[in-house]
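Participant: Sequence:
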Amino acid sequence: VSPNRGVVAVPDRRLEVLARLLHPPQVVPATIEFVDVAGLVEGASKGEGLGNRFLSHIRAVDAVVEVLRFFQDRSVPHVAGDIDPLRDRDIVDTELLLADLEVVERRLEKLRELLRKTKNEHLREEQEVLEQCFAALSQGIPVRAVDFPPGAREILKPYQLITAKPLLYVANLDEEESSRRLFEEVQKRFEEEGLPLLPVWAKLEAELSELEEEEQKAFFAAFGIPGPGFVRLVEEAYRLLDLITFYTYGEKELRARELPRGTKAPQAAGKVHTDMERGFIRAEVVHFEDLVACGSFERARQEGRIRLEGREYEIQDGDIVYFRFTSPR
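In this text, residue positions in the sequence shown follow UniProt numbering: the first is 1, and each later residue adds one.
Simulated from the structure, these hints should not be mistaken for lab results.
Treat the hints with care, since some could be wrong.
Claimed, not checked - Derived lysine-lysine pairs resembling DSS-like cross-links, with alpha carbons at most 25 Å apart: (1) Lys271 <-> Lys252; (2) Lys165 <-> Lys110; (3) Lys217 <-> Lys203; (4) Lys165 <-> Lys264; (5) Lys264 <-> Lys157; (6) Lys165 <-> Lys188; (7) Lys157 <-> Lys271; (8) Lys157 <-> Lys110; (9) Lys119 <-> Lys165; (10) Lys165 <-> Lys271.
Produce the complete structure using the sequences and hints provided.
Facilitator: See the structure below:
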C-alpha cells in the first residue's frame, strides 16, 4: 500500500505583501510535503499489518505527525472497536520504539563483530552512541530525548531512526460535545507530560473549504475553532523542522523558499540552482521589513539597506536575497 502524498503551500503573509509591492509575473510559495501513511497496528514492528512497509515510509520523512482519533463514526469503525486516543498513542509509540530497537540491536551485533577484528576509532565511537540509544529504547525512551555528546546525531543519521525525528501529536475531532470533552481530558495528560497536542477538525474543515473565506470564518467562530487546522499544522511543521523562509526575486518570479535555520549563503544559493552554490561569489541581502519600509529596491539601495554578504553569512528568516555567482565553463 503506497502512502498518499500531498504538497501544501505554506501560508505566508509576507509573500502576499511582497507580491503587492513588486508585481512579479508569478508568485511561488514555499511548500511542505506531507506523507500520509496508513495507521500502524500492534505488532507492526514485527511485520503485522504490512508494518515493515509502513515503517520504511516513516523512516524516510524528516518529522513525524501522529494523528489521534477523537470522534465517533459508525461508518468508519475503529480497528480496536472503541475510541481511546491514549491507547492508540501508546500502541504506535511502542511499535516505533521496538522498530528502532531492532535496527540498533542488529547494528551493535555487527559492530561488536567488527571491533573484535580491528581497532577502529570511528567504529568505537559509533558503538558508544548506539549503546546509548539501546539503553534508552530498552527503557521506553525515544532517541530524540537522549542527551547525546556533540556529533552523535550525525553518526545516527544513516539509520533513519524514527524516534530520533521531531514528533507532533494531532487530535482529530468532530463538532460533537463528547469529542471536545475527550480532547480536554487527554490534553491535560499531554500537558503533564510536556507534549504538544494540536486540535484539528478535519471532516468539518473539508466541508467548510467549499465556502467563501468570510463564511468559513463565521463557521469557525460559531464552532469555537481557532482557524483552519492545516494552517496551524504547517506552522507547527515549520517549527518542528526548525525551518525559515527566504525569498528570491527576478524577472520571472517572486519565490518563497524553505530553508533549515542556520544555513549559510552558498548552501541557500544551491536551493535555487546547484551552479549558484558552486560558483557563489556573494549575496545581496535586504530584509523584508527594510524593503517594505523603503517601498522599493531602488530606495532600499539608496538608504544602504541592501547589504553584501559572504560565504559565512547565515540566511535569516525574511531575507530577500540575490545571489552573485560565476557560471560554470
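Participant: Name the hints, by number, that the structure is in violation of.
Facilitator: 9
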